[in-house]
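Number of protein chains: 2
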Amino acid sequence: MRPEHTGSGPSSTSTPDSHLALRRVAIDTYRENVAYLHRDCAIYRAEGFQALAKVQIRTNGRHVVATLNVVDDATIVGCHEVGLSEDAFAQLNVEDGHGAFVEPAEPPASMEALFRKISGERLGRGDFHAIVHDIAQRHYSKIELTAFVVATHRGEMDRDEVHFLTEAMVAAGRRLDWREPQVVDKHCIGGIPGNRTSMLVVPIVAAYGLLCPKTSSRAITSPAGTADTMEVLANVELPFDRLSDIVRQHRGCLAWGSTAELSPADDVLISVERPLSLDAPAQMVASILSKKIAAGSTHLVLDIPIGPTAKLRSMPEAQRLRRLFEYVAARMGLSLDVVITDGRQPVGHGIGPVLEARDVMRVLENDPQAPNDLRQKALRLAGRLIECDPDVRGGDGFAIARDILDSGRALARMQAIIEAQGSRHFDHHHPALGELTLEVKAERAGVVIGIDNLQIARIARLAGAPKVAGAGVDLMRKLGDPVQAGDLLYRVHAAHASDLAFARHMTEKSSAYQLGQAQELPQVFVEF
Amino acid sequence: MRPEHTGSGPSSTSTPDSHLALRRVAIDTYRENVAYLHRDCAIYRAEGFQALAKVQIRTNGRHVVATLNVVDDATIVGCHEVGLSEDAFAQLNVEDGHGAFVEPAEPPASMEALFRKISGERLGRGDFHAIVHDIAQRHYSKIELTAFVVATHRGEMDRDEVHFLTEAMVAAGRRLDWREPQVVDKHCIGGIPGNRTSMLVVPIVAAYGLLCPKTSSRAITSPAGTADTMEVLANVELPFDRLSDIVRQHRGCLAWGSTAELSPADDVLISVERPLSLDAPAQMVASILSKKIAAGSTHLVLDIPIGPTAKLRSMPEAQRLRRLFEYVAARMGLSLDVVITDGRQPVGHGIGPVLEARDVMRVLENDPQAPNDLRQKALRLAGRLIECDPDVRGGDGFAIARDILDSGRALARMQAIIEAQGSRHFDHHHPALGELTLEVKAERAGVVIGIDNLQIARIARLAGAPKVAGAGVDLMRKLGDPVQAGDLLYRVHAAHASDLAFARHMTEKSSAYQLGQAQELPQVFVEF
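Same order as they appear, the protein sequences are chains U and P.
Going by this note's numbering, the first sequence opens with residue 1, and the numbers climb by one from there.
Going by this note's numbering, the second sequence opens with residue 1, and the numbers climb by one from there.
Next comes chain U alone, as it looks inside the complex (with noise of 0.2 Å):
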C-alpha cells in the first residue's frame, strides 16, 4: 500500500521540533528503566502513550527502551522534558538538558518466544539467545521479566532448555580468560546465614596456589555478601584492572567491581526473582553457571546446604538439582564438584558484616573463640578445591587446607590481599558493633533443637544489616546445646532506634529458637 500524504505533518518522525530536554530524575527505580512524561507534554500525549506501556528514547546515537509514568509537577518534569530515572540516564551518557527523541517503543522482538514458553512450550537454542539478549539490553519490563521467571519456574524445563539459557547468559556479557589451566572458585547456593567460607577457602587455595579470583557480590535480601563482610576487611571497590593484578601477585582476591559486565542478564532478572523468594532451579542453574563462566572459571565447588528451613530440605530434592547442575557444567566445558552440606543451622556466630568479619578472623588467626562449624567446613571445601590439582589424591585435600590454615599460612595470605586491596583497619578484637542492643533469653530450660535460618536472617536484616556493617545477630547458643531458664541465646545489635524497634517486633512476633530434648534434634544428612 501507498502511503500518501495531505495536510500539514511533518516528513519524518525525528522533525527538529519535535523533540524534548533530557533530564535526570533522581530515583532509583531498582534496575527498571522508568521515562517521566509530563500529563501536559508539550509534544507527546503522555496518556496516550501511557497504556502503550514502553516508550524508547533516542539521543546522541544511543536509546534506552523505558515504561512510562506519567507526571504532574512540572519540578519534576516540565511540558518539554523527558525525566529518566537514574539508571536509565546513565546508559545515554550525556548531559542533563541534552535533546531527545520519544517514540513509542515496539515490543521487544523476543516476545514471540516468551508468549510460547508461558503457554507451556519448549523453546530453542535461538529463543533463548534471543530472550537473554533483550534481558541484558533493558528492553524487558518488571513485568515482562516477572513473566519469564515464572513461566520458566515450573519442572517444564528441561536439562536442554537449562543449558541454551546458560549458553545465552553467558554469551549475553563479557567473558574472562586467566590464561591459566585451572582457575577455581567456590560458591554456595544460598540460604545459610552467617556461610562465610569463601573468606577462608580463597586465601587457603590461594596459599596452595591455585588461582582463585573470587567472584563476590552483595547482600541483596540476606543480611550479608561475602563483599559486605570483605569490605569490613578491604577496600572491594576496585577496577577490573587493577583486581586483576592482585590475582597474578596474590592467586586470589575477594573483591569484584565489574560483576556487571559478566552475564549481565542475570543481573536483571534478579531484580524480579530476590523480591518474589524465587529459586527455581532453572534459574539458579544459570544465574550461578553463567557467572562462573563468564568469570573464567575452570573448575568449581558448589556447597548444597539442606535442612528444614534451608532453600533445600531433603536429600532427594538436593540431588535432583545436584544432577540438574551436573548436566548444564558438563555440556559447558566446566569441571563441577558439588558437595551437600549441613544447612539446619546458621553457621558461625556471627550474622552481620562485622560480626561475621570477626568470626573469619577468629578462624584464620586459630582462636580458640573460633566458631569450629565455620572452621570445618571451609576445610571440607577448600580440600575439594585443592583436590583438583591432578597431583593430589582424592581424600587428601583436607589435611592439605588443615595445614595452611593451622601454619598461619592461610592468615598471612589473606593479610596479603588485604594489604593489596586497601586495608581498612579491622580490629577484630574490638570489633565496631551497634550500641543498641536487645538480649533474648531461653524461657525454660532444654536443648536447642531449632535454628530458623530465615528468621535470623530477617531479625539481622532489620536490624540494620547490611547498609549498617555494624548491625546484625550475634548467636550465643547452637544446635544441640543445653541451655537453662534464663540462659542467653542470641544479642541482637543495631545503630539506630527505629532499626532496632523492628528487630525487636519480629523477635517478639515469633521463635527463632526452638527448645526441645536431644532425641528431637532434626536429622544430619551429611557428616562433616
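If you're looking for bench data, these hints aren't it; they were derived computationally from the structure.
All of these numbers come straight from a predicted model, not from anything done at the bench.
Incorrect hints may appear among the rest.
[Claimed, not checked] If you anchor each label on the Cβ, the simulated ranges turn out as follows:
(1) U:Asp160 / P:Met332: 42 to 50 Å
(2) P:Ala109 / U:Ala399: 48 to 56 Å
(3) U:Pro522 / P:Arg39: 35 to 43 Å
(4) P:Asp72 / U:Asp160: 21 to 29 Å
(5) U:Asn235 / P:Ala21: 31 to 39 Å
Heads up, the beta-carbon is just placed ideally off N, CA and C, and yes, glycines get one too.
Starting from the structure of chain U, add chain P where the hints point.
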C-alpha cells in the same frame, strides 16, 4: 523466647520521633502504589529497605502497602519525608505534610497460595478468596500480580478454579441489586475495532422495556472504548445515584462512574495483563463475569468474534471458551447466551471516538451511509437480549429489534439518555475530526481479502485515539470490495504532527490491507 531490652532503643515501633511527613508525589504509576524515600532518610535507611521491596505506610488509622523507590533529590522528597505516588496518596485520605509511620511490609498473607499455584498446584476456594482480597487491597506489587497472571495463564486452571476466582472477585467489591427480576447486559470479549454495538443495543432494549444499566469502560489498549465514544455525545462521568435515577427513568444508560468498586481486583489485574497482552481464558471469564454479576446483571449476551486477526482464530477454540463461560455463569446463577460472530475485520467504517460516534448515529437515524455490518450485528445481539423476555418466542427478537430501530424509537431513547446524562451537542453530520490526514491507497487492482484488526487498531491509536477524540482511521473499503489501483483504502486523522508521523511510520512498515482474488477471502465461520 523473651526479648529483653538493653541500650537506648525505643519501646515501640511508633515512637513520636519516628514519623515522617507524608508528601504527595505527582507521579502516576499506573495502579501500583509506590513510596519514595530519600537515600539519606533521617529515620529509615532507604537502601536497607530497598531489597525488602515493600513498605507499609500508616497514618490516621489507615495504611497502604507500597513498593519502595529510593530518591536522591530532596526536591522530590526530603530526608524527613515519605513520598507516595498519586493513587497511593489518595488512599490515605490525609493532607500533604501529615505525619506517617513507615515499616517494612510483611509479604501478603496469600503469597503462600500464590507460590503453590506457581508450582502447578490446584487451588481451593479459600486460596482464591485470600489472593483476590490481597489484590483488591493493593497489597500485591506489579511483580506479584504478574506472577499470579502468568501462573494462572496455562490450561492448568480447571473449571472450578475459574468459578472460585470469579466468586472471589465478586466478593471483593460492591454488588448492586436493582430489585428487578431481569437486568440485562451485553459484552464482547474485545479485539475488534469499531465494534460499538452497545451504543445501539442499549437504546433498543431499553426502548423495548428491559432494564439495561450498561457497565462500560474506557479504552486501555484499543483506539476507543464505549465510554470514550459515548463521551463524544454525552457526559459519562456521573455519580452513582444520578446514574441510578437515569436507569430507572429511561431503562438504560451508557456511562459508568464507579466501576472501580465493582470487582476491584479486576482493575488491578488489568494493569499487568494489558501491557503483556495476555488474555488467558480463565482470566477473561473471571474478569467479565465478575464485573457483570457485581453490576447486578441477571442476563448476559456475550459476543465472541472469530477471525484470522481476532482474539480467537478457530471455532473449536471459541467453543471451548464458550463452554467455560457457560459453566462458570451457571455456577454463579447468571443466565448467559453466547453469540459467536464474524471477527474477520473491523466493524463499521470509523475507528476512534468521533468516527465511531458518527457511525452509531448514522445507524440510529437510518442514514443510507450507515455501516450495514454494525447495524446487522447490533440487531442480532439486541434480538437475543429481547428474547430474555419470557413472552418472546425464540427467533422473534431480531424482528422486534429491527422494528424499534427502523421506527425511530431507538433514536428517541438514545436522545433521551444523552439528554439525561448531559448532552455534548455532537453534530454527526459535521464531526470534529483531526485535521491532519494521511490517505492510504491501493497500489494495484484486486479484491479486499484481509483487513488486519490489530494493525488498524494500532494505527488509530498511534494517530492519537482515544485521547484525541477526533483521531483515528476511516475505512473506505471492507472485505470483498473490489478496488482499482489508486483507490482510497483508508484515511488516518490526527490532531498533532508527531502522532501523524508515528501512524505513518506504521502504515509504511506493514500492510493493514490485503488484496487478492475473491476466492481467497477467509472463511466466514458465522452467518448473520
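#### Entry: Numbers of the earlier hints that this structure fails to satisfy, in rising order
Hint 4 alone not satisfied by this model.
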